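Here is what each chain is made of, one letter per residue.
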Amino acid sequence: MGLATYAVNGAAPSRHVAPTSVDAVVAAVREADDVGQAVVCFGGRTRLEVGNTPARYDVALDLGALSGIVEHEAGDLTATVLAGTTVGDLARTLADKGQMWPVEVARPRSATVGGIIAGAAPGPSRLRYAHPRDWVLGIRAVRGDGTLTKAGGKVVKNVTGYDLTRLYAGTYGSLCVIVEANLKLWPLPDSERTLLSRFDDIAAAWDAIEALRREGVELDAVVTADRAAASYVGEIGALALLRLRGARPVVARLVDAVSRGLTGCDPDDARPGLLEELVDVPFRAGVGLRLAAPESRMREVLQGAVGIVRFDGAGTAFLVREKADETWVTRWRDAAETREGSAILERAPLSLRQRVDTWGTPILPRTLAARIKAALDPRGTLAPGRMAGGL
Amino acid sequence: MYEYDAGFDRATPALVAAPGTAAETAAVVAACARAEVPLVARGAGTGLAGGAIAPGGVVVSTARLRRILEIDTESRAALVEPGVVNLALADALAPHGLLFGPDPASQRCSTIGGNIGNNAGGPHALRYGSVVQHVLGLELILADGTPCAMGGRAPDRAGYDPTPFVVGAEGTVGIVTKAWLRLLPRPEAVRTFLAFFADVESGAEAATAIIAEGIIPAALEMMDAPTIRAVNAAFEAHLPADAGSLLLVELEGPAEECEARHERIVAICRRGGATDIKAAANEEERALLWKARKLGYPALARLAPNNYLMDGVVPRTKLPETLRQVAVIAERYGLLVANMFHIGDGNLHPTLLFDAAVPGTTEKAIEASALILKHCVEVGGALSGEHGIGVEKNQFMRWVFSDADLDTMHRVRDAFDPSGRMNPGKIFPTDEPPRELPLERLKFRFAEDMWV
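Just so you know, the protein sequences line up as chains D and B, in that order. Residue numbering for the first sequence follows the working numbering, starting at 1 and increasing by one per position. Residue numbering for the second sequence follows the working numbering, starting at 1 and increasing by one per position.
FYI, nobody ran anything at the bench for these hints, they're computed from the structure. From a predicted model like this one, the values you see are computed outputs, not experimental measurements. Among the hints, a few may not be true.
[Unchecked claim] Okay, derived cross-link-like pairs now, SDA-like style, lysine to any residue, Cα gap no bigger than 25 Å in a straight line:
1) D:K323 x D:R299
2) D:K97 x B:I268
3) D:K150 x B:N394
4) D:K184 x B:V379
5) D:K150 x B:T430
6) D:K323 x D:R366
7) D:K150 x D:P19
8) D:K97 x B:T430
9) D:K323 x D:Q354
10) D:K97 x B:E213
11) B:K178 x D:A370
12) D:K97 x B:G272
Take these sequences, add in the hints, and give me the full structure.
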């Protein structure tokens, strides 16, 4: 592939490397670090553009070929995979043994395990299974100076020294290059149903879902979309998708409870793939702003918004549209940040990126963040400038 | 009492401070920075690895930081101070239909701050995970006295989020003054039952089979014969005296699912040679079973003048083999061993029972425990599942981690605390002999106050 395909938010590298072994990754990072070149990691490219344009960028480190399931210990419910393994491939292997890695993200055929961990990828599974980092037991990673290190382990309970695994999550390849991960697995549920309800107004969908949650109806995943967002998947009107999973009789009872709770909106089975399509909407739109807020304040944050895809109950929503200017980003960023939230510009044309910061105000004081960065990447080799605060 | 925790070592601190607010905590830490003295945060002192002892340093007690500041039912999150007792939080959440997942056996007195420092587990860690999965954000006082926020009740906020790294860092990077905790809805149904086996091995095989068949109970605990006898003696638990081991199984979730899983687990246990299965008929019986389990350690401690409890972890498929090794090693050293532990997640707690008055026995116990931990590491496990490294196992860290791994940890520690004054001498192996800390390696009589 030509170097142009390795451009990141307008910056292009001078060379690319596609290692197929951990040793080769170590060599590539060390070589770059030695000569003061900067490295950006590639996985499945689903979250590559999240972040500011790197301040320096010389080497595209494509980890797509560093893939494969090293070990699947079904009896332990653990697996070890190389970073470039896609979640789609992983899911198929695990399903053969009735297991899953309960981390659900957009574009599973492309998204890699390493990229998901590094990019703290969101998805509907967050409602029940929380953060991807909660399903990683240990990691092998290469520091900015090319040193291969491990953190954590392979057992499901572990307080043996610092668990740096969890520090590396969500750092977008700016502290280390993740090369291998030990994953915690979970049994696949016996059955599932995904119900679709239509509403005139997304607020009515939120009311109904809040009522179901208060009643204690155990929802496996929820995605709601307003009229503007639903139009991206060819649907008309506001939508609520509710997925129910568990033992067969449980799912049957939950379907009854949901149907009662949504009386008047005729919940029916959603067409296959609709939930995945909705999760993909932020990738299809020209601009995607990821909002995080406490669940109790999300509706305040979203007041007056148009183009909403929300993972209800998980403190996450996306605002999508085709075009936006910095005033629009600032408006929603203020709405989120004044309510203990964040607004991260995940998808945007270059012209907008050049005018507004991707991240907004980071929570961690910059001095400490900078010391952490310097500790693991002393020469600024790994994606310099990509993270909040220019780190 | 500030000389020790529930572990093996003791040392006298220079000073104990008990701040009442986050601002006072910051002032104490800043004063320590000016005086260049080390400091150690302390909750209830129930740790087993010496993490809370402060040779010559300042102990910062969180005893007065015990307010529950907010319960946000809609976000399923609570903001608490570190001195809040785990069980007090559970009681406060119950009327809201919510719970905090981790329930260490010490929960009647251990604090959220201590639970965070050691990434505590407890029986229900099997279903809910350890504390790290339940902390959303922190306010941390750094070594120079500056407060520092991270994470929060909203997920994935901008920038680095070291929250889950601070959990389990044993107070070596700062002092937690506030924590946002993740809350869970209370389960619709709970089923608790016991399965008895002729020996430890068949019980362990059954436990391994339950997990391997894809059933994750809420809790899956084992007690062996010495433990059963001790619990019977202490609580009139009326467990079959001739049982070689028992599994305590708790299922939580939708009623139909609990029912179906109960049947499957009973079938697995019977196939595995269970001699009897006894269900808790009501909440009272269930409470008795858990009381026996959670107070099992003090009961065990009555069996011998001294005891030494380990916290190794192994992959679940290695459990039967590891338990055989534990028995072999204990026998070789002439020590009585009792096993009462979180078998479902592979977290062993072999307890060596002995009399330190017999010359050489303490050394034997320490040596045997090292061999047991070495075995855990060799089969792919870890040194500690829920109690941490402290000063007890820091010399074993090189069994698990290379110099490069330890160097990486050290760099991150230095990023948080360049002065190295936060709980120094813990976790990291020292090149000097362990006696560099003025500690007395004694097992004392307050084992009654220990929980695992």
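A quick look at each hint next to the structure:
The suggested pairing of K323 (chain D) with R299 (chain D) holds, with an alpha-carbon distance near 23 Å, which does not exceed 25 Å. This hinted pair checks out: K97 (chain D) and I268 (chain B) have alpha carbons roughly 18 Å apart, not beyond 25 Å. A C-alpha spacing of about 17 Å is found between K150 (chain D) and N394 (chain B), which places the hinted pair at or below 25 Å, so the restraint holds. Of the pairs offered as hints, the one joining K184 (chain D) and V379 (chain B) holds, with about 17 Å between alpha carbons and a cut-off of 25 Å not exceeded.
Simply put, K150 (chain D) and T430 (chain B) have alpha-carbon atoms about 20 Å apart, close enough for the 25 Å limit, and the pair holds. About 31 Å separates the Cα atoms of K323 (chain D) and R366 (chain D), which puts this hinted pair outside 25 Å; it is violated. Straight-line distance between C-alpha atoms of K150 (chain D) and P19 (chain D) comes to about 19 Å, which keeps the hinted pair within the 25 Å bound. For the hint linking K97 (chain D) to T430 (chain B), the alpha-carbon distance of about 44 Å lies beyond 25 Å, and the restraint is violated.
For a cut-off of 25 Å, the pair hint linking K323 (chain D) to Q354 (chain D) stands: about 14 Å separates their Cα positions. The suggested pairing of K97 (chain D) with E213 (chain B) holds, with an alpha-carbon distance near 10 Å, which does not exceed 25 Å. For the suggested pair K178 (chain B) and A370 (chain D), the alpha carbons sit about 23 Å apart, so the restraint of at most 25 Å is met. Taking the CA atoms of K97 (chain D) and G272 (chain B), the gap is near 22 Å; set against the 25 Å cutoff, the hint holds.
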